[in-house]
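Student: Full structure from sequences and hints, please.
Numbering (our numbering), first residue to last: 1 to 611.
Read the hints as simulated data drawn from the structure, not as lab findings.
Please note that the accuracy of each hint is not assured.
Claimed, not checked - Listed below are the simulated SDA-like cross-link pairs for lysine to any residue, each with C-alpha atoms no more than 25 angstroms apart in a straight line:
#1 Lys-372 with Leu-347
#2 Lys-372 with Leu-353
#3 Lys-441 with Asp-471
#4 Lys-372 with Val-468
#5 Lys-372 with Ile-402
#6 Lys-372 with Arg-421
#7 Lys-441 with Thr-456
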Amino acid sequence: MVVCGDDGLAHRLAAELRGVYGEQVTLVVPASERSVRPPVVVRARSASALLDRVVTAAAGLTGNGNGAVAAGEPPGGIRLMEAAEPNEAALAGAGVERADALALVYDDDETNIRAALTARRLNPRLRLVLRLYNRRLGQHIEELLDQASALATGGPADGSGFDASTTVLSDADTAAPALAATALTGTSKVLQTGGLLLRAVERPPAGDGVSPAPGLATLALLSPTDSAGPGGDQGPTLLPDAATVREGGGRTTVVLEQVSYAGPALPDGRGVMPWFASLFSRRLRWSLAGMVGCVVALAVALWLVTGIHPLRAFYLTLLDLFAIDDPAIGQSVGRQILQLLSGLAGLLLLPVLLAAVLEVLGTFRTTSSLRKPPRGLGGHVVLLGLGKIGTRVLTRLRELNIPVVCVESDPEARGLATARRLRVPVVLGDVTQEGVLEAAKIHRAHALLAVTSADTTNLEAVLYARAVHPDLRVVLRLYDDDFATAVYRTLRAAHPRASTRSRSVSHLAAPAFAGAMMGRQILGAFPVERRVLLFAAVDVGGHPQLEGRTVGEAFRAGSWRVLAREESGDSPGLVWDLPDTYVLQASDRVVLAATRRGLAELLGRRGRAAA
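Tutor: Here it is as structure tokens:
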């Protein structure tokens, strides 16, 4: 396996392939990755700490201090190679021509695409995994590289048995559901893949004789002393069997729910009322409604006082309202009083009409401007940062119909266009400056998601928000694990009643990238405390642990569990609530939940298993 990258994801991915799957890995990083080591709290995308700590500890890497791998490198370890860019010479030196898979996880899409084209030419049988933020471009790149491989190798029917597929993933898409899920009630997690929406729900211990709701799969038992973090005496129990669940009656369980709702029904803009509401503010709409009611009341009063026809009464009221000269001289006192009242209402109507005209002009003039947080807003989520990750998180939050207020310091941030399209309020300003979080109504917010690329900015925003709102649920995106653990434990100790979460994007994304390099279709991952539970779509054929076995026999506690079966035909979909007696056929394709080591054991490379 060859991994090329310039940030923490590359190092985590290399450690994942080595430590979980036992693969021999060559890690290609820029030379600057080891030349300068900035302080931990200001390290955003530098991964030198991961290189020294994670890779060395998990993979048994030995080096000579200058970036070269020592001659005594253990078999199956991680070989480190430095290259300024992934050009043809660097890829050839990394052994791409002999490799089974190549992951290109640079932060720049163009760099990954250029290297992928070169690698496909060097080795048409190579399995490629690319990190691209542009999803539409990624689809075209997948088709192009797969077609190039098929032409060079004679297609999949040549009997070679090589999997030369191309998989395009985005760390933002992989991590966004887990980050957005923290804004839900409790600590629920959501996983969305196409039309499939799954939700992991934490449930408190049930009483004696009370069984969980039917149709729910138990995914984990949380730590008995601290179900929210890594500080408990015992870690979580993933994929427990029924006996373990019964014995752990005093522990919180994580169960899986299938949710058919995949987002709010957004208005389509058709009809009179949506168009009217988009032009005028709520206050002006009420003012116009009041004026219409006033005109109708005056017309009815004129009809009752004078006894004239109702249409004529309405017409005379409009004449009086617009001050058209038709004085009621010589008429009854009631008619004269009503004419004076109509003139007064006309004076009140003029500013309302002027405000309506100005609002209509302003609506068309500021369609591309950012909305401001409305007055009285509360119970919302404050999202700090609209970069790659923040934009994906914003989209997930709106799909879950959660009100959001964004804070962004860069007026050219890529997520501002998404915020305009979704009509989400945005506060432009540096969050470290006084008054910015107040403008986002942080004192009435439900949660704060700090997902900028700077650890210090996220930490400062959380500390200030906690000073304003001590019970606020906060989620930090911190790159360094040691720093994240220290911050997490300190915040938990200082605010025991508040919910605190620390998430690393590379930690959430690395299992999906590693699974793709092994040729697996990883649907997503749920973080369970500091561990990860993977969801994958697997073909039953060729796996003796699944093929020909019942669902109950195929289940292995702590490793994997079959959740659903894909149904083909005219109405494809997923069949849930499979009975334990259902026999898995070779032609079946199932969705299963697994731990990282369980997935590696179940879906280890067939060539190695045969050996």
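Student: Taking the hints in turn, state whether each one holds.
Tutor: Verification of the supplied hints:
1. Among the hinted pairs, Lys-372 with Leu-347 is inconsistent with the structure: their alpha-carbon atoms are about 31 angstroms apart, more than 25 angstroms.
2. Distance hint between Lys-372 and Leu-353 is fulfilled; the C-alpha atoms sit about 24 angstroms from each other, no more than 25 angstroms.
3. This hinted pair checks out: Lys-441 and Asp-471 have alpha carbons roughly 15 angstroms apart, not beyond 25 angstroms.
4. Pair hint Lys-372 plus Val-468 holds up; C-alpha atoms about 21 angstroms apart against a cutoff of 25 angstroms.
5. For the hint pairing Lys-372 with Ile-402, the CA-to-CA distance comes to about 17 angstroms; that is within 25 angstroms, so the pair holds.
6. A distance of roughly 14 angstroms separates the Cα atoms of Lys-372 and Arg-421; the hinted pair therefore holds under the 25 angstroms criterion.
7. Our distance criterion of 25 angstroms between C-alpha atoms is met by Lys-441 and Thr-456, whose separation comes to about 22 angstroms.
The structure fails hint 1 only (numbered hints given earlier).
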